[in-house]
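**Q** Here is what each chain is made of, one letter per residue.
2 protein chains.
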Amino acid sequence: MINVAVLGYGTVGSGVYEVLVKNKESIAKRVGDEINVKYVLDLRDFPGDPVQEVLVHDFDTIVNDPEVDIVAEAMGGLEPAYTFAKKTLESGKSYCTSNKELVAKYGPELLELAKSKGKNFLFEASVGGGIPIIRPLNQSLTADELTEITGILNGTTNFILSKMAKEGSSFDAVLKEAQNLGYAERNPAADVEGYDACRKIAILSSLAYGCHVDFEDIYTEGITKITDIDFKYAKKLGLSIKLFGKSKKVDDKCYAMVAPFMIDSDNPLYSVNGVLNGILVKGDVIGDVMFYGAGAGKLPTASAVVADIVDEAKHLHTNIMTIWSNKKLALENLSTLKNKFFVRFDGSVDSKMSEVTKAFGDVKVVTVEGLDNEFAVITEVMTEAEFEAAAAKVNGVKSRIRVEA
Amino acid sequence: MINVAVLGYGTVGSGVYEVLVKNKESIAKRVGDEINVKYVLDLRDFPGDPVQEVLVHDFDTIVNDPEVDIVAEAMGGLEPAYTFAKKTLESGKSYCTSNKELVAKYGPELLELAKSKGKNFLFEASVGGGIPIIRPLNQSLTADELTEITGILNGTTNFILSKMAKEGSSFDAVLKEAQNLGYAERNPAADVEGYDACRKIAILSSLAYGCHVDFEDIYTEGITKITDIDFKYAKKLGLSIKLFGKSKKVDDKCYAMVAPFMIDSDNPLYSVNGVLNGILVKGDVIGDVMFYGAGAGKLPTASAVVADIVDEAKHLHTNIMTIWSNKKLALENLSTLKNKFFVRFDGSVDSKMSEVTKAFGDVKVVTVEGLDNEFAVITEVMTEAEFEAAAAKVNGVKSRIRVEA
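Here the protein sequences come in this chain order: A and B. Residue numbers for the first sequence follow the working numbering, so the first one is 916 and each next one is one higher. Residue numbers for the second sequence follow the working numbering, so the first one is 916 and each next one is one higher.
These are computed hints drawn from the structure, not numbers from a lab. Treat the hints with care, since some could be wrong.
Where chains are identical, the list cannot tell them apart; a pair therefore holds if satisfied intra-copy or between any two copies.
What the hints assert, rightly or not - Below 27 Å or equal to it, Euclidean Cα-Cα: the simulated BS3-like pairs (lysine-lysine) are:
#: 1; residue 1: 1229; residue 2: 1032
#: 2; residue 1: 937; residue 2: 953
#: 3; residue 1: 1078; residue 2: 1151
#: 4; residue 1: 944; residue 2: 1020
#: 5; residue 1: 944; residue 2: 1168
#: 6; residue 1: 1243; residue 2: 1229
#: 7; residue 1: 1078; residue 2: 1091
#: 8; residue 1: 1164; residue 2: 944
#: 9; residue 1: 1151; residue 2: 1229
#: 10; residue 1: 1229; residue 2: 1030
#: 11; residue 1: 1168; residue 2: 939
#: 12; residue 1: 1078; residue 2: 1147
No experiment lies behind these values; they were computed from the predicted model shown.
All chains, please: the whole structure from these sequences, using the hints.
**A** See below:
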């Protein structure tokens, strides 16, 4: 019997407990041993819930119990998670977590600590919810030099953008609806400003390129400036607008960003709608592979945490190598990164096009019936710096969105 | 240094050699040791190719060399692959393969043999080419009871169907084009009759449900009866036609089949076009996850073989558990399986509908301009047996395609 403690009995933590009970038999078959939840840690009590029997309020009970082999954390936030993770690993137990803040900030340190103890620190659920992505990056795409990752990594913003695309509603209206449905927080900044996606692309990029990508270095632009008008143009163009966490290696340079992109229907991420996530990985041998599924939610996220528990139970005394060195990967300034751009302008095509062409060169003009005294263009591929320089030369630039070239 | 032998220097085998040379450094970093190709086995010679230096014509040279740790096979076919696999494992080396015939027929036996020797038998490349699917099934989706797998598992037929959909061409014309492009064999039966997809869904189902699904038990219907006329109806309905390998568990019953299905744009497999593959897996906890990428081709397939080599190199003395028992899973007769059906009839709607409704109950009628004296319907959900009984009652049933309900 392998004893597990679950930290936190919120949405994900209660899901982990539920899955370990529900699929006890098939999980035991896969592990080759029974998984027993010996403790659940929460400050609250849950009278009437069977969890009450194993509920404890003090982390020390867990870390000091030599019978506990694996600690699964589903609390979120840096503290006390970081302290708990360190104490767990130091005491010779394995740790797994759905906590992306913890992993983005302390991933390499905790991996190193786990390795030094011959234990494991796993975090499949920290990116893409239930979608297997961390383990495939680590164990499946090992023949490849990975060159690019593009992900729809945040379900809340994808829900909002999908709804805006489908219904033509404004950002504010859809955000309110998402909040009422429980898909968005009362304070939605972590999602809509792109901070959540930023931590996730930092984790994926670190694993893909084998160096530490610091999330604080990543240029991050959310979706709060995307309007229903942008979607009118997108519809006319047959494009969709998605919030991407994106990183790529060009020669020896590495770029990373979070920003909305317009993409066409040839992109496999085009049809990833609603709260779903999709992650497209490019390798020098394998080409493009995509992983798709529920990026959040109680049970899908719990599924990934439990998969980590199973993996740790199968490797109680063997460190599963994870390549994520402490060596920091210096990100390039975006100014040399190339994209097409969708740009909206005040004024009429007739009055403005010579000015626009002079600044931007060849562009594709888009007008939408009913949108008077404005128009948009899609530029050729240019660097961010070239775009900024060109945009500064024309009066009345209303907004711009990058277009996947 | 870990020594590897590659069996077969055809398309995939030469890709494996190329990748091991090209990405030598990054692969060594992941393994923690250098991978050296000590032998390549082929009956032919390749004068001028650097492979000539390590080329051997006799398998015994490889199996009798105690320095060889891992044998990677990319020859295809049951023999001599089966003999080579057995001898390799018996001699205490690990074996990996892209050979779906071998895996579908001898998978459980070779896994058992590998386990008894503390070595590994891996076969990521046997399904879905480069797409990570075997390892995720085995190591990532471990929290779930898997209930359903639906895959576009054959690139050739998906290329043909995608082209027919896009261009309105006939099956024969597109098949000829695919043959000229090298996407289809001169004798295309293995692809177009569904035999290839059949072996692949047998392998995936065996791993997902933990029992042996015998490919010979699987009802298999190819795409040779799909016509340009079917696509005219599909277009009118906004549906696409895909060849699915499909299995599902309903209560304690397991169904498996290979057949063309009509699906709508809500299905994530809808936009998997051309030679690409997509595999949708449903679990009781995780919901739907999809894996997507190049299902064939020299380098993608080589990427998966090399990933197996890396995994075996990291587990030289540890068997990685794979749940695929010898216990045969008895498949249900399809007669109780439920689908909607698309059915084409001779004659006019006016003259025939009362007869059709009497036999099939409520249906949705579809007519296409320019198609005279025929029409089609989509039925409600019914069992295969109910469908057969109904179809026998109406004269002039021209064809039928299952519709994903």
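**Q** Which holds for residue 944 with residue 1168 at a C-alpha limit of 27 Å: within a copy, between copies, both or neither?
**A** Answer is between; shortest inter-copy Cα gap is 20 Å, intra-copy 46 Å.
**Q** As a check of your reading, is residue 944 near residue 1020 (CA-CA no more than 27 Å) within one copy, between copies, both or neither?
**A** Close across copies (24 Å), not inside one copy (35 Å); limit 27 Å.
**Q** At most 27 Å between C-alpha atoms: does residue 1078 with residue 1151 qualify within a copy, between copies, both, or neither?
**A** both (17 Å within a copy, 26 Å between copies)
**Q** Given identical chains, is residue 1229 near residue 1032, meaning Cα to Cα at most 27 Å, within a copy, between copies, both, or neither?
**A** both (16 Å within a copy, 19 Å between copies)
**Q** Measure nothing new, just compare the shortest in-copy and cross-copy C-alpha distances for residue 1078 and residue 1091 to 27 Å and report within, between, both or neither.
**A** within (12 Å within a copy, 43 Å between copies)
**Q** Evaluate residue 937 and residue 953 at a C-alpha cut-off of 27 Å and name the case that applies: within, between, both or neither.
**A** Close inside one copy (16 Å), not across copies (49 Å); limit 27 Å.
**Q** Can you tell me if residue 1168 and residue 939 fall within 27 Å by alpha carbon in one copy, between copies, both or neither?
**A** Between copies only: 21 Å across chains, 47 Å inside a chain, cut-off 27 Å.
**Q** For residue 1243 vs residue 1229, is the C-alpha pair at or below 27 Å within one copy, between two copies, both, or neither?
**A** For residue 1243 and residue 1229, only the inter-copy Cα distance (26 Å) is at most 27 Å; the intra-copy one is 31 Å.
**Q** Using 27 Å as the alpha carbon limit, work out where residue 1151 and residue 1229 are close: within a copy, between copies, both or neither.
**A** This pair counts as neither: shortest intra-copy Cα distance 53 Å, inter-copy 52 Å.
**Q** Measure nothing new, just compare the shortest in-copy and cross-copy C-alpha distances for residue 1229 and residue 1030 to 27 Å and report within, between, both or neither.
**A** This pair counts as both: shortest intra-copy Cα distance 16 Å, inter-copy 15 Å.
**Q** With 27 Å as the alpha-carbon cut-off, assign the pair residue 1078 and residue 1147 to within, between, both or neither.
**A** within (13 Å within a copy, 31 Å between copies)
**Q** Should residue 1164 paired with residue 944 be assigned to within, between, both, or neither, using CA atoms and 27 Å as the limit?
**A** between (41 Å within a copy, 18 Å between copies)
Against the hints set out earlier in the document, a violation occurs for number 9 only.
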